[in-house]
Each structure stands twice: as structure tokens, then as C-alpha cells.
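With these hints in hand, go ahead and build the complete structure from the sequences.
Here's the letter readout for the chains.
Number of protein chains: 2
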Amino acid sequence: MTMKYFLIGGAGFIGSHFAQKLLKDLNCNVTIIDNEISGSKENLDRLGILENKKLDYIYSDILDVNSEMLDLEGSIVVNFAANPDISLSNEQPTLDFDRGTLLHNHVLELCRKKNVQQLIFTSGSGVYGDRADKFLNENLGNLNICSPYAANKLACEALSLAYSNMYGIEVRILRFGNVVGLNQTHGVAYDFIRRLIQNPNKLTVLGDGYQSKPYIHVNDVVSAIYLVSSLKGKNIIVNAASDDFINVRKIANIVINSLGLTQCEIEYGNTPFGWNGDVPVIRLDSTYLKSMGWNCELNSQQAIEKSVMEMVKRFKSEL
Amino acid sequence: MTMKYFLIGGAGFIGSHFAQKLLKDLNCNVTIIDNEISGSKENLDRLGILENKKLDYIYSDILDVNSEMLDLEGSIVVNFAANPDISLSNEQPTLDFDRGTLLHNHVLELCRKKNVQQLIFTSGSGVYGDRADKFLNENLGNLNICSPYAANKLACEALSLAYSNMYGIEVRILRFGNVVGLNQTHGVAYDFIRRLIQNPNKLTVLGDGYQSKPYIHVNDVVSAIYLVSSLKGKNIIVNAASDDFINVRKIANIVINSLGLTQCEIEYGNTPFGWNGDVPVIRLDSTYLKSMGWNCELNSQQAIEKSVMEMVKRFKSEL
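So the sequences go chain by chain: A and B.
The numbering used here puts the last residue of the first sequence at 319; the count rises by one with no breaks.
The numbering used here puts the last residue of the second sequence at 638; the count rises by one with no breaks.
I should point out that these hints are in silico values taken from the structure, not numbers from a laboratory.
Errors might be hidden in some of the hints.
[Said to hold, decoys possible] Output of the computed footprint for chain B on chain A, the stretches with three or more beta carbons under 8 Å from beta carbons of chain B:
no., region
1, 90 to 101
2, 104 to 116
3, 151 to 158
[Said to hold, decoys possible] Quick list of in silico lysine-lysine cross-link-like pairs, PhoX-like style, CA-CA up to 25 Å:
no., chain 1, residue 1, chain 2, residue 2
4, A, 250, A, 316
5, B, 569, B, 632
6, A, 21, A, 41
7, A, 234, B, 551
8, B, 569, B, 553
9, B, 553, A, 134
Even for Gly, the Cβ is constructed at its ideal location relative to N, Cα and C.
So this is what it looks like as C-alpha cells:
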């Protein structure tokens, strides 16, 4: 039987790449619903799937849709929707609530009413809070939430598990490191490239540049989502990240070299974090997901290098 | 300087008792806002504070109020609002969301906009999920959420901590065992009394009666809230419960004896839990709060006995 997937925010960064894998490699039926706030048809076109016959595309906000309007039966539902710019939280803390917890609660109700068997939620390392350079596994205690982004991710996880226990929906939660790749719309290397295209002579960095985090290429994210989707079990919560990390100073140099700039001045800030609510040092332990057969093909530096190459090519073609 | 408190859901069970302490023992200024869905002016009257001159009473839903309508400056804000009947979750899972996470997010925005210095949130043991007879301290790991009630409590905790970190609001979170006392509107002994007044010959118990949990009298809850409110510190998360526990069979006998019934038949169910989402065995470790000077005056049995006496007197006078 052909697998059916229903992707909320499926025209966004991670969603579009996952849709590509489902349509091109796995011959699945895919429905995407996207409000095109940060997602776009261009993302799908760039990956060669916009005209795919097995793709249904709904241009709508999931919050405007009720269960009677959707054919969800037999689909695996993946919620990729989120406010993609977590640094906006400081001025607009309700963004993460409205596009996170409120929206996900609505998705859970849709799943409950339509007897959806599996729901996948894309969470993030923020749920662990600021733990400096400790490698974090999924069983960590202490609530240590630093930002609305993180709080809403955790809220969505908790609500998902409640629905799993009460209504038998299988839940898959993936806590990613920083995801990078062609269709990304935010992120440190993305910002650097955009700004250096505007002004190749000077790069201003938020924070002191020693923020160091794991980066994961979207291809490895896609394989992680598909793997946990295919595993048996009621609830599965996994980290998905490279084992290592890279700091912002090194990323700045990779971007500058990739653009072939030789005269660029870099100006660093003097705070250890990039913005209020940022967690400057993150390490994730993905042993559990690896024990289930996942392989992270690129380490942090390779993921950054590959995504920078992809983005430089994309932005140059758009100039 | 006279302390000012703003109590959301302050006409409800725990809120009314806390208001009584603030007004009668501590001479504070108190504003209560309550939508009277489960709270009531009768609760305040029963505690002798309805006409207190230091009490301002606003009959309104906090969700209908914006920051410009409120004089919150200088107040400690306590959010007691919640769906009080957690067993309703099964049929109406959005109740806990609407009266929990959605409402608390609104409260946090009010606090942010009015520069509130301290926010107190009344959480519950549900955030730990089902851990059988392990004594649970505040640092426990693993997300183990069983019900919408629990998920929404955890969501509120996480959002509170985010606002604390981003906007400097001091946050106090108290995770109570089952709270009992005069003004309660739900709970096992409350249900037994109500039903035995209707039919003194037979008591039907949800579950097999071996559900065993800690019970805490609302007077001990009130002292815990006031203590953590007076402590210094950015964020404080504490359990507040008696160290022991009592099972439902024993509670049934206490209620039957208190009503002077001799011919009552008890019929037990055959599930270990009372309803879908119920956690049948709970133990809470309140060592941390005790280390800060809290004393739980009544153990679980004493708390049940005192609350049953109080409620029997109340209901008989209402007949």
C-alpha cells in the first residue's frame, strides 16, 4: 500500500526537503498545507517537486481548517509549522505561542477527531535550556527553559504525549540541532551570506562569535524523520544532531571563503549570546537514535560547508 | 509597605483560602478576578472575606481583560485559574488547554507589559506522569505526560520560565499533591460526600480503590504559596505535598464513618485507575520546600479527615 503523508508547513525549509524524499525516493502520496508565511512554492520548485503528480498542495493556514475539511484518514501527519525566526521572540513572545503551542494543539485535535495513527513533531534542542558544554541525552531532568521558542516546543511535546496516552496516537518527537541546507530561511550562515551579498566589505556578528553548537544537514534530518516514522512503538523521543559542534567565528570564515572575499572585515559583539534567549553553547547526544540505525552523514563543519555552497549558488542565481 | 496581590481565579478553591490568609492574617491588599465558572462569591463569604475592605473583586474572565484595564504595577500575581475537573479531559481535551496554557500565556503577556515582578503558578504532580511508587523530586527527567491536564500544567511552567529568563519576572511554581479543604469543588472525598447525601445506601467507586496518592490540606498549601512568594530568587520550583499517601478505599471508609452511615454498600470498579489519564499511584518528595522552612502540618489521612469534616458540615448546612 502506498504510504500517505500530510505535511503541515510542508513548503517550508525542512518540510520541503522531507516532501522531496517522500515523493522522489519513496513514491509516497503527499499532501502539503502551508500558509506561505515562511514556506513557498519556490522551495518546492527548487527541489523539483512542485509539479509532482503525487503531491496535493493546499494553500491555507492549518488554523483555518477544521477536521471535516480534511481527508486525514490513513495519513501520517507531520507538523513542521513554526515561527522560523526564534530571535524574534524577544519583541514578540506570542509568535512562538501562536505558531507553536496554539497551532499544535489544533493539529492534535484534528488528529484525534480523524483517528490519525501517527503524528510526528519537529522539536529542538531548546527544550534542554542552557547546559553549557554537557552532552545532553533525551532523559535529562530539570526544567531549564530560556525562551518562548523553547517553552513552546516543550509545550507541544507534552501535549503530544498526552494525546498519545489518551487517544492512542503514536507520537514521534525529534529534537534537532541547528538544521542547515538549501531551502533554509534563517540561521547564522544564511544571515552571513545575505548580508555579505549586500556589503562584501564588512560582516557584523551578533555575540562574540564563540557560540558553539551542533549543525545538521537537512538531508540527515530527513533520514531521521523517516526512520523514526517507520519504527514500531507508542512514543519515541529522539535527539538528531551531529556529535560535534562548530563556532560562529569558524562559520564566518567558511562563508567569507565560499564567497571568495579577501578584504572582508569582521566585527564581533561582546556578549556570549547572539540575542536575548539564545543558548550559546549546545551539545546533543544522539546515541539513542543511532542505536536504532540512524547515521548522521555529515559532521557540523561538513553540514555548514555543504549548506553554504548550496545557498551561495541559490542566492547568486537569484541576484 | 502593604503587599499587593492579584489573584486570578481567586474565588475558587485554593485561591479563596489564600485570599483569606492574605486579608485576615497578613493585612495585604488583594484583588481577585474570577469568571465564577468554578469559583464563587459564596466561597469568599464562607471564609468571611467577601466584605473585607482590603478586597477588590472583579467579576470577569481574565481572557477578556487587557493590560490597560488592570492596575498590576507592584502586585504579586498568582494564577489559580484552571479547569478544576481533570477527569473531563477525556471527552474535552481542549478544556485544559483553553483554561490552562492559553489563559496562562495571556497572563504572562499581562505580566510582561505591566512589569510585574513576581508571578506564582499553581501546578501539580501531573507534570511527572505515572512513576508508580517512586518518590519524585523536582529534578526528575524524562517526559512522561499522561493527560491534557498534565501537559498543560507543564506547558504553563515552561512558558513561565521563558518569561522569567527573557523579561526578568520572578517565577514561583508549586507542584501540589491532591489539595483538599472546605471550598473544594472536585476530588474523591468531595464526590463521595455529594453522592452519599443523594444515596446513603450505596457508593460506587471509580477504579479498584487501590489508587493511592498524597493529599494536602489547603491550609498547608496556603502556607507553601506564601513562603515561596517571600523567598529571594529568580525561579523557584517546588513540590508541596505530604510525605505519605492514602488509598481510595480508606477515604471511602472515612467519608462513610463521618456521615454516620452503617448500612452503606461499596462497589468498586476493576481498573487500577479512576478515569482515562488518571495516574493511580503518586508519591511526592517535598524535601526541597521543607529545607526552606515549610512544614506540612497534616499528613494525608489527617488532611482527608479534616476536609471531610469541613465539607460534611458545609453540605449539611446547604441541604
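We went through each hint and held it up to the structure:
{"no.": "1", "hint": "90 to 101", "verdict": "holds (count 5)"}
{"no.": "2", "hint": "104 to 116", "verdict": "holds (count 4)"}
{"no.": "3", "hint": "151 to 158", "verdict": "holds (count 6)"}
{"no.": "4", "hint": "A:250 with A:316", "verdict": "22 Å, holds"}
{"no.": "5", "hint": "B:569 with B:632", "verdict": "20 Å, holds"}
{"no.": "6", "hint": "A:21 with A:41", "verdict": "16 Å, holds"}
{"no.": "7", "hint": "A:234 with B:551", "verdict": "42 Å, violated"}
{"no.": "8", "hint": "B:569 with B:553", "verdict": "41 Å, violated"}
{"no.": "9", "hint": "B:553 with A:134", "verdict": "23 Å, holds"}
Checked against the numbered hints above, the structure breaks hints 7, 8 and satisfies the rest.
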